[in-house]
Amino acid sequence: MAGDRMVAVLAAATMALAACSSPEGDEGEQTPDADAGPPRGGTLVAAIDSDPGTLNPAITTSGGARTASELLFNGLVGLTSDLEPVPELAESWEVLEAGALYRFDLRDGVTWHDGEPFTSADVIFTFEEMLLSLHARTKASVGAALESIEAPDEDTVEFRFTEPYAPLLLQLDVTEAPILPRHVYEGTDVMTNPANTDPVGTGPFRLESYTPDAELRFSANPDYFEPDLPYLDEVVMRIIPERGNQVVALEAGEVDWLFGVPGPDLARLEESGDYGFLETAVNPGGSNCIMTVSFNLERPMFADVALRRALATALDREQFVERVLFGQGRVAEAPISSGIPFAHAPDLEEMPQFERDEAESLLDEAGWPRDGDGVRTARGVDGVPDGTPLQFGFTHFPSFSAYAELLRAQLREVGAEVKLVPLEPPVFADTVFKARDFDTNIISYCNGADPEIGVKRMYTTANIGPVPFSNAAAYSNPTVDAYFDEARTTVDPEARSDIYRRLQEQLVEDLPYFWIVETESVRAYYARCEGFGPAGHFATTAHCSS
Amino acid sequence: MNRRYLVRRLAQLPLTVAAILLAGFLLIHLAPGDPVVALAGQSGDAEYYAYLRAKFGLDKPLPTQLVIYAGNVLSGDLGTSYVLGRPVAEAIAERLPATVLLTGSALVLSTVVGISLGIYGARRHGRWPDTAVNLTALTVYAAPVFLIGQLVILGLALGAGWFPVEGMTDARSSVTGLPRLLDIAHHLALPALALTSQEVAAVARLSRVGLLDELRQDHIRTARAKGVAEGVVVRKHALRRALLPVVTVLGGRVGHLVAGAVIVEAVFGWPGLGRLLVTAMQNRDGPIVLGVFLLVAVTVVVANLLTDLLYSWLDPRVRYG
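Chains as they are written, first to last, in UniProt numbering: chain E, 1 to 546; chain B, 1 to 321.
Just so you know, these hints were derived from the structure itself, not from any lab.
Don't take each hint at face value.
What the hints assert, rightly or not - Listed below are the simulated DSSO-like cross-link pairs for lysine-lysine, each with C-alpha atoms no more than 30 Å apart in a straight line:
1) E:Lys434 with B:Lys60
2) B:Lys236 with B:Lys226
3) B:Lys55 with E:Lys434
4) E:Lys434 with E:Lys419
As the list claims (entries may be wrong) - Restraint ranges, calculated between C-beta atoms of paired labels, are given here:
5) E:Pro398 with B:Ile68: 31 to 37 Å
6) B:Ile184 with E:Glu150: 50 to 56 Å
7) B:Gly159 with E:Gly109: 50 to 56 Å
8) B:Leu158 with E:Arg436: 45 to 51 Å
9) E:Arg323 with B:Leu309: 56 to 62 Å
10) B:Pro144 with E:Arg436: 54 to 60 Å
The beta-carbon is built from N, C-alpha and C at its ideal position, and this holds for glycine as well.
Given only the sequences and the hints, what does the whole structure look like? Please build it.
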């Protein structure tokens, strides 16, 4: 077995833990006094968008539920901002049998908020009864590859896969795999257990009260396993549905922390000098999101890559960053987000870049010459009758109308007529994925911490079907399917990176989608507070001066 | 009012409510959109979606779902929210007090202030205070309630700093007893003001017109000729009948207030039923939507019944048969 050992026991666990719990980090923060440490105590008031409904993050992937509940729980590992796994409920781990077996040594002395000890039985129970059946992402990714999960003793958990499985360590944080108490849930219906609104966790904060649609009050967990954390006595989450009103509440001093600031308000807050900011691609509901245009490849018009490439070349994506995102994001350079550095492939030769004249010639060559100065029409395009105008629908959430308007304006310049079809999210999901009644659309596809989490679903043949937010384009390429299989079972990081580069070269050549911008959120907070993380345990290392 | 009429009206109540519920059920289930999407977020496989549909009974034919739902409602069970995973009655009961407080305050305030303004305007008919009240009432009546909400936030909360911007209590204090009630009243002021504003305008205009009309009647002239003081003429002789049009719209006003509360609650972060309803509609959370429909329908129907009763009390000539 020793020969199979891929990665040694994490010798630097304590160092990593120190790095994880350091309150230092984002730009512009004060360094706490080395002797006295950061100030302790106080209340932080954070604004959140919606009532979470449930505070059990293991049975839903809803962003609202995660924001409100992740302070209460832990994963086996934590993830740094560079997506490095660091110890959390697991103190160390080994990757064995070429990546087909993961063995986790659990932290000693961890207790649940009700005083019961945390053991490997809690991990097994959470995976078997919740995560692998009710947490959509973890079920679809880990669940599909897992052979068994076992606990040889109270302090050890082993995940065995049918074949080597590379991404596991990026799928065990509090977002993808929060651990819940067996003694509270065993023998009950986990969906309706009262603990879903009165939770018991191991996290840095405990729930004091939950007033639906009003606020959640959390107090510091005095028995938290990371010594001296958290610094704050209390976190209050106020539910304020409108982002604009959240900004007003921040300016009025009623809240201290916002998870997002609308672009037009940001400049005003920056000018005032009273606030700190933290830019991040991490969000509780999904991180590393790319606004992506899907072409419905089942429509004859879009079956031709030449048209797709021509339209992509006509889009000035810098304008989307400036006019739609107000600078909160960047042009997408590749199909996989730059927030996943090991998988992101910059400088792809075939990636379309904005060039209006070139777009015009590409459209001519693709069989769509201009009809006078107006809309182009088809001439000799396979499956499209001659004379068909270059007109198509663009389906989008109403909240993405700014993208839609700009895209329509840019494509009109090159002789394409776009009809906007705004649809509420549940209707959008039905129309695009079930009825497949669309020409093109825009979706914020969140890549997550690993391509297995949020990238694969967009491209593999198995993901063509009625499941919302899967393969909208209905793209199928056996080479790409094989690349994903290979990447999943390749544990060596360099080899895996190389597979993802080749995969993206293929995607850019086929262009079933066009990747517009990577979006970011700007967190804003009163400058008297600092030490924040972007999401999840955002307030664990936060502290406020009085 | 005779008893037969009252019994007939009460007997109509369940039929009206049933018709509203049926329409609501069909609307929410026939409208495009899948409640399972809200639960699964961006990811999930077909098996997961099928599991959730089966769990909520959404895999059954619509008539079967309707029969099951009707049976549950008749036995007093409004079902379980798809998204919250909790009984609908519980979710509604948690938020009802906030909405009752908000709409109740607005109803009382708009009635008292509206009638006072109406009297004030009518007694100064044709002079500038009457014109000012009239113009202000018209302007406020024409303004959307969300605009009024934002304006009072900017002016009285963020600008003057007199009132909090959002919520029902102060996030940084956890007082109890009388200080808590005062805290709630402080937070209630702006949302109640925003919700009252439109209603007050309607009531003021109605009561002014009613009073002006009444003051022209013969019996008022007689009272004045007998030397009764003008204040007494208005209060004792004219006002009761002048208020008939105001009472007539009472039932409708309850409906308006609930609709207005949906917007005001969103603007002021007020934790009431309006917020619950909007979120549930976005998520296609049928049981919650229908539960709130039921509550609002019963409230409006009862308010209309009370209006009729009040009407015959105010004007004994009115008889129903």
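Results for each hint:
1. E:Lys434 with B:Lys60: 18 Å, holds
2. B:Lys236 with B:Lys226: 14 Å, holds
3. B:Lys55 with E:Lys434: 20 Å, holds
4. E:Lys434 with E:Lys419: At roughly 21 Å apart (the allowed maximum being 30 Å), E:Lys419 and E:Lys434 satisfy the hint.
5. E:Pro398 with B:Ile68: 31 to 37 Å: 33 Å, holds
6. B:Ile184 with E:Glu150: 50 to 56 Å: Hint holds: Cβ distance 53 Å, inside 50 to 56 Å.
7. B:Gly159 with E:Gly109: 50 to 56 Å: 53 Å, holds
8. B:Leu158 with E:Arg436: 45 to 51 Å: 48 Å, holds
9. E:Arg323 with B:Leu309: 56 to 62 Å: For B:Leu309 against E:Arg323, whose Cβ atoms are near 59 Å apart, the range 56 to 62 Å holds.
10. B:Pro144 with E:Arg436: 54 to 60 Å: Roughly 38 Å apart at Cβ, these two residues miss the hinted range, so it is violated.
In summary, the structure is inconsistent with hint 10 from the numbered list given earlier, while agreeing with all the others.
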